[in-house]
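Produce the complete structure using the sequences and hints provided.
There are 2 protein chains.
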Amino acid sequence: MTMTDFGRVIAPVLTPFGASGEIDAGRFIDHAKGLLAQGCTALAPFGTTSEANSLSVAERKVLLISLLAAGVDPAHLMPGTGLCSAAETADLTKQAVDLGCGGVLMLPPFYYKGVSDEGLFRHFAHVIERVGDHRLRVYLYHIPPFTQIGFSIPLIERLRREFPGVVVGLKDSSGNWAHTKSLIDALPGFRVYSGSEVALLDNVRLGGAGCISATANVNARMLRQIADAADAALADGLQQRATAIRTEIQRWPLISANKAIIAHVRKDAAWALTRAPLDALPAADAKALIAKLEGELGLSLAA
Amino acid sequence: MTMTDFGRVIAPVLTPFGASGEIDAGRFIDHAKGLLAQGCTALAPFGTTSEANSLSVAERKVLLISLLAAGVDPAHLMPGTGLCSAAETADLTKQAVDLGCGGVLMLPPFYYKGVSDEGLFRHFAHVIERVGDHRLRVYLYHIPPFTQIGFSIPLIERLRREFPGVVVGLKDSSGNWAHTKSLIDALPGFRVYSGSEVALLDNVRLGGAGCISATANVNARMLRQIADAADAALADGLQQRATAIRTEIQRWPLISANKAIIAHVRKDAAWALTRAPLDALPAADAKALIAKLEGELGLSLAA
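These protein sequence lines are chains Y and L, in that order. Using our numbering, the first residue of the first sequence is number 244, and each one after it goes up by one. Using our numbering, the first residue of the second sequence is number 244, and each one after it goes up by one.
In case anyone wonders, no lab produced these hints; they're calculated from the structure. Beta carbons: idealized from backbone N, C-alpha and C, even for Gly. Fair warning: there could be bad hints in the mix.
Stated by the list, open to error - Label-pair ranges, simulated between beta-carbon atoms:
no.: 1; chain 1: L; residue 1: 406; chain 2: Y; residue 2: 527; range: 22 to 32 Å
no.: 2; chain 1: Y; residue 1: 361; chain 2: L; residue 2: 405; range: 41 to 51 Å
no.: 3; chain 1: L; residue 1: 510; chain 2: Y; residue 2: 429; range: 41 to 51 Å
To be verified - Here are the computed lysine-lysine pairs in the PhoX-like style, where the Cα-Cα straight-line distance is at most 25 Å:
no.: 4; chain 1: Y; residue 1: 535; chain 2: Y; residue 2: 510
no.: 5; chain 1: L; residue 1: 304; chain 2: Y; residue 2: 304
no.: 6; chain 1: L; residue 1: 337; chain 2: L; residue 2: 304
no.: 7; chain 1: Y; residue 1: 337; chain 2: L; residue 2: 304
no.: 8; chain 1: Y; residue 1: 304; chain 2: Y; residue 2: 276
no.: 9; chain 1: Y; residue 1: 337; chain 2: Y; residue 2: 304
no.: 10; chain 1: L; residue 1: 535; chain 2: L; residue 2: 510
no.: 11; chain 1: Y; residue 1: 356; chain 2: L; residue 2: 356
no.: 12; chain 1: L; residue 1: 337; chain 2: L; residue 2: 276
no.: 13; chain 1: L; residue 1: 337; chain 2: Y; residue 2: 304
no.: 14; chain 1: L; residue 1: 276; chain 2: L; residue 2: 510
no.: 15; chain 1: Y; residue 1: 276; chain 2: Y; residue 2: 356
Shown next as structure tokens:
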């Protein structure tokens, strides 16, 4: 069995919008290519950070095709495909597999609460069987702050056992390093990504897969340096800086703050726009954030 | 301006599935017609109770057409159309309006958390403008136990002010009567439905619109008697009984329990099936629930 190695630094790609809320495919493609050039080892379009849950199924499909048509290698893509509806999840996932994507990042069906492991297993089994393609690689997306529900270790073990080589990893956006650590410890060979670079070094030192992080959109170079550092002291120093930068950015609404930074870097105000229900970061807040990042925190925000 | 009066007892119609999870349109139509015959004044297909958030957009569209093709009057329908994507919400809403539905029940975009009133306003404004039809009647769906986010009174006031005659009501599934009361008090002329019949009598006595309740699927006759009772003491007595029945049913997973009751009433085991991620009520639990309802609580569960 061959399997794409997505590497250790994955960005959930921000989605730029026009003034009427329409997707701006040109800016999206430029940004995605730029992230790979800056050191991201792979991209996760249609993540939480991508405002993907404000996109329609049709919008996602068209945008993924646009990205590939622009020359991005699908082996480096792990698009988000998990929706509340199993049929729509399978539909998006099948497209990703057919286009050669190295994997997909799959949310649990996130409307109903208090659901059982048995119910979640049946949902994922149904989606995987409906896609029915041995090339499928599923990364489970554990993000209780948004979904309330999530993946227990027994559920993950059952999915791995029933779908070996298909259910291969997980993104842990619980925001709790002890939880990520328990997954890495309990699930040898499973690719456990941290949902933030704050735990990047701890993750890779313990044998985890790396991070899939919102702020890889604005700090990819540094994250890649951490992941690649041969010297432990150097890595620790870079991790400290990256953690300080992330901590500052997440003091603000994370998606809007990332977009405000990109708007500044690219001298392109349109980048700051978000789709409802999210709001753009107010200009004064953006100015304060950027001053802090470029000043005290020493982040180089040149394009 | 004319406006459908949906009356006081609305059922969010259960959706029956086959063994492979496919929608069973025949059983759905039979049940929907039965609810109107038993006293429901209107129906809200595609509510939370309908497992609608496990259906695809395409499945909802086909099922709504099937219901109308079977002769159900669209003026009595308030289908749920609120999804995370504004484009898909507008698409479903436009279908409902085009088919003559008396209104729609609209969830807020429920993936992102901590969103602002401004962001939610922009979302709803975008959907309403995209539908662009003066026949549209929107009932807001406030259900924080599932969505976390919800509708503040200032947001509702702004939506009513900007879209008079279009944003006309709300279903309050906060589970908190004090909250429902505050809405009825603050928003004269707004049609505030309680999300449970436990508050039916309080609701209508205070000038509210009635209830849209999961358990109207199994207790429609009694709820209609409460709503129509000319005598206050009679109404109080019925309300007490209905509250006791609801309280018992909601000790169990509400959707599965409702389906188990219908399976019993119709002597049709297939009715008990749910779509993942929900589980059917275990047979022993169903037996205990039904014994309690038919015994101590005196609910008549004949077909």
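Here's how the hints hold up against the structure:
About 31 Å separates the C-beta atoms of residue 406/L and residue 527/Y, a value consistent with the hinted range of 22 to 32 Å. Checking the proposed 41 to 51 Å range against residue 361/Y and residue 405/L shows it holds: the Cβ atoms sit about 45 Å from each other. The beta-carbon spacing between residue 510/L and residue 429/Y, approximately 46 Å, falls within the hinted interval of 41 to 51 Å. Taken as a hint, the residue 535/Y and residue 510/Y pair is honoured in the structure, with Cα atoms around 18 Å apart against an allowance of 25 Å.
Distance restraint check for residue 304/L and residue 304/Y: the Cα-Cα separation of roughly 20 Å lies within the 25 Å cut-off, and the hinted pair is therefore satisfied. With a C-alpha separation of about 11 Å, the suggested pairing of residue 337/L with residue 304/L holds against the 25 Å cut-off. Pair hint residue 337/Y plus residue 304/L holds up; C-alpha atoms about 22 Å apart against a cutoff of 25 Å. Note on residue 304/Y and residue 276/Y: the hinted pairing holds, with a Cα-Cα distance of about 18 Å set against a maximum of 25 Å.
Pair hint residue 337/Y plus residue 304/Y holds up; C-alpha atoms about 11 Å apart against a cutoff of 25 Å. Among the hinted pairs, residue 535/L with residue 510/L is consistent with the structure: their alpha-carbon atoms are about 18 Å apart, no more than 25 Å. Restraint check for residue 356/Y and residue 356/L: satisfied, since their Cα atoms lie roughly 15 Å apart, inside the 25 Å limit. The straight-line distance between the Cα atoms of residue 337/L and residue 276/L is roughly 24 Å, inside the 25 Å bound, and the hint therefore holds.
Straight-line distance between C-alpha atoms of residue 337/L and residue 304/Y comes to about 22 Å, which keeps the hinted pair within the 25 Å bound. Note on residue 276/L and residue 510/L: the hinted pairing holds, with a Cα-Cα distance of about 18 Å set against a maximum of 25 Å. Taking the CA atoms of residue 276/Y and residue 356/Y, the gap is near 38 Å; set against the 25 Å cutoff, the hint is violated.
Going down the numbered hints, you'll see the structure goes against just number 15.
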